[in-house]
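A.B. asks: Protein chains in written order, with this note's numbering: chain Y, 664 to 1088; chain P, 202 to 352.
Check the hints yourself; a few may be wrong.
[Said to hold, decoys possible] Take a look, some chain Y residues computed to stay more than 10 Å from chain P by CB distance:
#1 Ala711
#2 Ser712
#3 Gln713
#4 Thr739
#5 Val742
#6 Pro790
#7 Ser829
#8 Thr843
#9 Cys887
#10 Ala928
#11 Gln944
#12 Gly948
#13 Ser982
#14 Lys999
#15 Ala1052
[Said to hold, decoys possible] Listed next, with one range per pair, are the computed distances between beta-carbon atoms:
#16 Y:Asp1000 - P:Ala298: 45 to 55 Å
#17 Y:Cys748 - P:Gly320: 34 to 44 Å
#18 Y:Leu1013 - P:Glu256: 45 to 55 Å
#19 P:Gly340 - Y:Ile772: 51 to 61 Å
The hints are simulated quantities; they were obtained by calculation from the structure and are not laboratory data. Positions of the beta carbon are idealized from the N, C-alpha and C atoms, including for glycine.
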Amino acid sequence: MIVSKSLLLGLVGVLTLAVACGGGSGSSSAAGSSSASASGQCAGTTQASQANNVTAIVVDGGPLGNYSDAAFADVTLCVPGTSNCQTIGHVLVDTGSEGLRILSSAADIAGSPLSLSLTQELVNGSPVVECAQFLSFVTWGPVVMTDVKIAGETASDVPIQLVGLSGFPDVPLACTNAGTPAETVGGDNGLGSNGILGIGPFPNDCGAGCTEPGAANPGLYYTCATNPCQVLTLSGQSQEVQNPVSSFPKDNNGTIVELPALPAAGAASVSGALVFGIGTQSNNGLNGATILTLDKETLDFTTSFKGVSYSGSFIDSGSNGLFFLTTAITGIPECKDENDFYCPASTEALTATNLGVNGDSKATSFSVANFDNLNGNFNAFNDMAGPNAGSGGTGPSFDWGLPFFFGCNVFTGIETTTAAPYFAY
Amino acid sequence: MGWRLRKLPAGLLVLALSGSVWAELGGGLNSVQADQAQLQAKRQVLQAEGYSVHEMQAPSGTVVREYASPAGTVFGVTWNGPFIPDLRQLLGAQHFAEFQQAQQSRRPGRHPIDIEQPGLVVQMSGRPRSFHGRAYVPGLIPQGVEAAAIR
């Protein structure tokens, strides 16, 4: 009898330990708070210290101090092969897109305007301009060749996008028909950041489509040597704006975003780490994280919530909230004056399970706070949430934005010819 | 393939770029059925209780569905695929302008689009190369048909 009791106690002790692993490390864990971590059971929760493949990230409201739940990093651009460089701060760390895009109006970390002479990419002699599509805006601007340096990693002579209309004012109708061009940090249609560091699961920003001739070409790339600009058929995918990580000579198969857990009320500023490479160095092993492979076309996976499966889910550090389902499904009301966010009467603690195309699954605990009651002086919240009606084939789904990342190290595995794209945590 | 000017029965002029013309939200289906021959786009029609769904896939991969009343009025559209379709064409000039207007005063942040106005609903989700969206005019949904059917 006594032996059985102590076995039972031992089991309980082990379970408690497993849950606490999701609670994060360091000073940001709140004692006794069950919502200290957005993800209840993550394999890794500590942040790597400074190294060649590690760069600092910060969640601090952005260059204008008004951008909640966005993580930023510094990126250095150099005229290829030279030490003529500028470092741009507050570039959005984005696992939901691919490619480095810098606002031509951004200032560097010393406050000086971007003044590097970066040559425009040429395709069959034609200088390239791109209209890249995002969910609520497009980015329009020239594709230029640059060295990209982050921490001790360098992508040499790769295509990035400079965003802004001043040099290329005649935006094609096909571009604005997909969305409104973002061209500034602030104001209407402002990005809220100095640029976007797209480090998602694809190696470039268009795949095979932009190399196809004729109607099969989605028409993202143009040359504006003529007026109007003409759609370009690229010769190869290497001419597309690249996921900078894919272009590193090493530590180039993916990344880890490492952010600490937050107190229930949030925080004004949080520091973390962005690690390059998965399983390439002693500081970037999977260490028991569950790999969820993604659909190779859509990058989607499935989320099960209260017994119902929803396809079309994805993990996106560039989304500034946990956006999932609808009021009709969850019973959580939208905020009266801001229907992009939920406003439950009190914070709700929920659980869901994510299922990869490979058949592996991982549970996730998360919280939904009343958006209107969030502390206006804070910039980081693990429970900022809203609806995601989705549809267009998939219906409502889960957009696991930055709140998912607090207290949970998230791996993004980049697709190769042999490896499927994946997220792991 | 190429540019082609086409005159519609109502006297409207439509610029038909192969593979990228759909009926606009609130418009009639007639124009699209007439253009189908030139489009080289796969088209399926599904009949449901009280409405029909006309599905087309653009050559670049995105699937567009148009939901039409028995009288042939398009009351809802959805899109699903790697690239955003021509929203001005899909929503029509008026609804497209309403859509752009509704996005003006947003705080910085990337999140799903959820525009719910009495005369227009536009909801979009996804990320680059994986967009899911729908738009409909609440007042045009036929009797007995749920908005949830538009997906």
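A.B. asks: Hint by hint, note whether the structure agrees.
C.D. replies: Verification of the hints:
no.: 1; hint: Ala711; in the structure: holds, 26 Å
no.: 2; hint: Ser712; in the structure: holds, 30 Å
no.: 3; hint: Gln713; in the structure: holds, 29 Å
no.: 4; hint: Thr739; in the structure: holds, 24 Å
no.: 5; hint: Val742; in the structure: holds, 28 Å
no.: 6; hint: Pro790; in the structure: holds, 23 Å
no.: 7; hint: Ser829; in the structure: holds, 21 Å
no.: 8; hint: Thr843; in the structure: violated, 6 Å
no.: 9; hint: Cys887; in the structure: holds, 19 Å
no.: 10; hint: Ala928; in the structure: holds, 20 Å
no.: 11; hint: Gln944; in the structure: holds, 28 Å
no.: 12; hint: Gly948; in the structure: holds, 27 Å
no.: 13; hint: Ser982; in the structure: violated, 5 Å
no.: 14; hint: Lys999; in the structure: holds, 13 Å
no.: 15; hint: Ala1052; in the structure: violated, 4 Å
no.: 16; hint: Y:Asp1000 - P:Ala298: 45 to 55 Å; in the structure: violated, 23 Å
no.: 17; hint: Y:Cys748 - P:Gly320: 34 to 44 Å; in the structure: violated, 51 Å
no.: 18; hint: Y:Leu1013 - P:Glu256: 45 to 55 Å; in the structure: violated, 35 Å
no.: 19; hint: P:Gly340 - Y:Ile772: 51 to 61 Å; in the structure: holds, 52 Å
The structure fails hints 8, 13, 15, 16, 17, 18 (numbered hints given earlier, in ascending order).
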